[in-house]
Amino acid sequence: MSFQRTQEKLKILADAAKYDVSCSSSGSKRANTNKGLGDATGMGICHSYTEDGRCVSLLKILLTNHCIFDCAYCVTRKSNDVKRAAFKVQEVVDLTINFYRRNYIEGLFLSSGIFKSADYTMERLVAVAKKLRLEENFNGYIHLKSIPGASDELMREAGLYADRLSVNIEIPTEAGLKKLAPDKKREDFIKPMVKVKNEIIQYNAEKKIIKSTPKFAPAGQSTQMIIGASGENDFQIMQTSNHFYKSYNLKRVYYSGYVPISYDDRLPQIGSAVPMLRENRLYQTDWLMRFYGFDVSEILNEQHQNLDLDVDPKLSWALRNLHEFPVDVNTADQRMLARIPGLGMKSVFKIINARRFRKLNWEHLKKIGVALNRAQYFMVCDSNQFEKRDLTSEKIKGLILQNSTSKYQKMLSNQLSLFG
Amino acid sequence: MQAKNLIYDGTFDGFLSTIFYVFEHKLKTVTIQNEFTVQQGLFSENESIHTDEVKANRVWKGIKSKLSSNGSYQLYYAFLSEEVGVEDLLLDYIQYALSQQKKVDKDYSHPSILKIAQIAKSVGREKHRMEAFVRFRLTKDDIYFASIEPDFNVLPLIEKHFKRRYADQKWVIYDIKRGYGLFYDLKTVELINMDFPENFNFTKTDNAFFATQEFEFQKLWQDYFKATNIASRKNMKLHIRHVPKRYWKYLSEKQPN
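So the protein lines, in turn, are chains A and B.
Throughout the first sequence, residue numbering follows the working numbering, covering 5 to 424 in sequence.
Throughout the second sequence, residue numbering follows the working numbering, covering 161 to 417 in sequence.
These are computed hints drawn from the structure, not numbers from a lab.
Note that the structure is a prediction, hence the values are computed from the model and not measured.
Accuracy of the hints is not assured; some may be wrong.
[To be verified] Negatives, chain B to chain A, calculated, CB over 10 Å:
#1 N165
#2 V244
#3 H288
#4 A327
#5 E350
#6 N353
[As the list claims (entries may be wrong)] Derived lysine-lysine pairs resembling DSSO-like cross-links, with alpha carbons at most 27 Å apart:
#7 B/K397 - A/K350
#8 B/K347 - B/K386
#9 B/K379 - B/K281
#10 B/K275 - B/K226
#11 A/K134 - A/K215
#12 A/K15 - A/K195
#13 A/K92 - B/K379
#14 A/K195 - A/K183
#15 A/K92 - A/K15
#16 B/K330 - A/K134
#17 B/K394 - A/K22
#18 B/K397 - A/K33
#19 A/K363 - B/K379
#20 A/K22 - B/K414
#21 A/K120 - A/K39
#22 A/K363 - B/K226
#23 B/K330 - A/K39
#24 B/K226 - A/K371
#25 A/K22 - A/K120
#26 B/K224 - B/K262
#27 A/K370 - B/K275
#28 A/K215 - A/K135
Note that the Cβ used here is the ideal one computed from N, Cα and C, for glycine as well.
One chain only, chain A, in its complex shape (with noise of 0.2 Å):
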């Protein structure tokens, strides 16, 4: 390996390869049995953190950034004015192994622009993953890209070597990919992602019957969606969002704010702010979807197709519906005790368990980590303090809002005076 020709590849590959969020390294089960390297069995591990404080956990980069499609969201895209460089197979195996030893990652997220055929990269990317697994002993995380028109049987093989998979389908709505991507279509992301969502199945129906059965993306699937790009409302959004998740039965969805590389009049302009306080928002809806128990619609409807701002989504729902409010946090069942603002779910089953013990009281709550600014105009406790005025919610969230500072105040600030 020459170390200055793969330094500037390197350069180049990891620098397009940053704007795909996902990180996530747990939920395999690929345990270390064969004295190899590496062992992906527990859960995740951030090893560092970039100066924007996202994780670092996998070596994420492209195997080349040549590309055949003109995707205008994309940096990679083949009319962008950039250095391409193209990884040898061996270059990255190299890479991984080495990074690996010395306890900087997790593993390899590996993508790539498409270069001649969908087929013809997918091969490329499923060779770095066999070469790891079957000559390096290497048990460590790997996540490859599925290259959307990828053929059946090199997903299947991708699947057999490869921790997760995932596709991006980037744009929330049809309409919106066609404007920005006209070369793609919505058949060709889906299409790998049935393949694999079908293989776990038959996987996982297999295993019971016979253990030996070889693992097949034990991670799953997950994709992403770019926010603020082509004009979609949250509640656009999150149906989308909702839809994947139910009929592929994907790990994840990731929401990317727009960073602007492109002077493209059909996107935000380079300049623009990153929407980063909405893409928080719409994890938080996210989480309040797959932990919490909340039905998307009961958050996001035709009346309400976008996210407040100034307060988080569970509060937001809560303001809009007072009557089913005080919760008592002494009887109350576990799903009314997550909906109230304020209540982590670590808190909400610390609450279950103590109050077995005893009745518990604001001391207690605010010991165990309630963050009572918010849940105290929701909740009752063993006390003969509460609130007790007749509130509405406008005076609520006034309250709410008086008394605490967000992190996002300056951002808050700035976007709220755009519209103002």
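Dock chain B against the given chain A, drawing on the hints supplied.
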């Protein structure tokens, strides 16, 4: 009855032997300190406790039967925090646990239980950080070497993780603060004490000790770290919260070029 101050040798077995002593003599007003950090109380009488593995095992078995597995983990984790006064909290926890019929480790509104759960949580966090922030450097004798200075004594907790993961390479993880380390020789992990050369600088990769290729991979890693950052999303506050500054000196990617 006069207050007693029991002094043990700093080991977990020593601590459990002390607990045995407390129950054996039905002591009421008692404090426990390890022999390295003893502070003389004004009105208490010091007594040194002999570490007895058999008694320690008996106590540990008794405690485990009264707690969920998570509860006994928490006790051990909290013990490894080495925080001043943690022994007294543990004693209170254990006395409460043994006096109750049902398992109490989830009684989060009991002050000692909550406190121990919180300390155990910090120790768990430090353990996880060390699994993340250990940076091996390849030495000339083909050993992957890492030095750490964790806030708590987490080496015993991370052994299994590293042994399972790096089964095909020799490695050392050395706790500079506590002066001991783990060495894996491709078969087993052993506790070691090392003498370092006078001029050995733990944060510098010196070509007298480290392999030539080590420099290249550190450089590649630093380049990667820079290239993967998105400048327009810069958020140093978040960065520092995730990677507190006290860990930077051992992170290859945070070294000046």
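**Q.** Holds or violated: B/K347 to B/K386, with C-alpha atoms at most 27 Å apart
**A.** violated (37 Å)
Q | A/K22 paired with A/K120 [C-alpha distance capped at 27 Å] | A | holds (23 Å)
Q: Verify the proposed pairing of B/K379 with B/K281, using a straight-line Cα cut of 27 Å.
A: violated (35 Å)
Q: Decide, holds or violated, for the assertion that all CB atoms of chain A are farther than 10 Å from the CB of B/V244.
A: holds (21 Å)
Q. For the pair supplied as a hint, A/K370 and B/K275, is the alpha-carbon distance within the 27 Å limit?
A. holds (13 Å)
Q: Could you grab the alpha-carbon distance between B/K394 and A/K22 and see if it respects the 27 Å cut-off?
A: Holds. B/K394 to A/K22 sits at ~14 Å (cutoff 27 Å).
(Q) Given the hinted pair A/K92 and A/K15, is their Cα-Cα distance within 27 Å? (A) holds (15 Å)
Q | 27 Å limit on alpha-carbon distance, applied to hinted pair B/K275 and B/K226 | A | At roughly 19 Å apart (the allowed maximum being 27 Å), B/K226 and B/K275 satisfy the hint.
Q. Is the straight-line distance between the alpha-carbon of B/K397 and that of A/K33 27 Å or less?
A. violated (34 Å)
**Q.** Given pair status - B/K262, B/K224, alpha carbons within 27 Å
**A.** Distance ~13 Å between B/K224 and B/K262 Cα, so the pair holds.
Q: Please confirm whether B/A327 is truly not at the interface, meaning its C-beta sits more than 10 Å away from all C-beta atoms of chain A.
A: violated (5 Å)
Q: Take a quick look at whether A/K195 and A/K183 sit within 27 Å of each other, Cα to Cα.
A: Given pair A/K195, A/K183 holds - Cα atoms ~21 Å apart, limit 27 Å.
Violation of the numbered hints given earlier is confined to hints 3, 4, 8, 9, 12, 18, 19 and 21; the remaining hints are satisfied by the structure.
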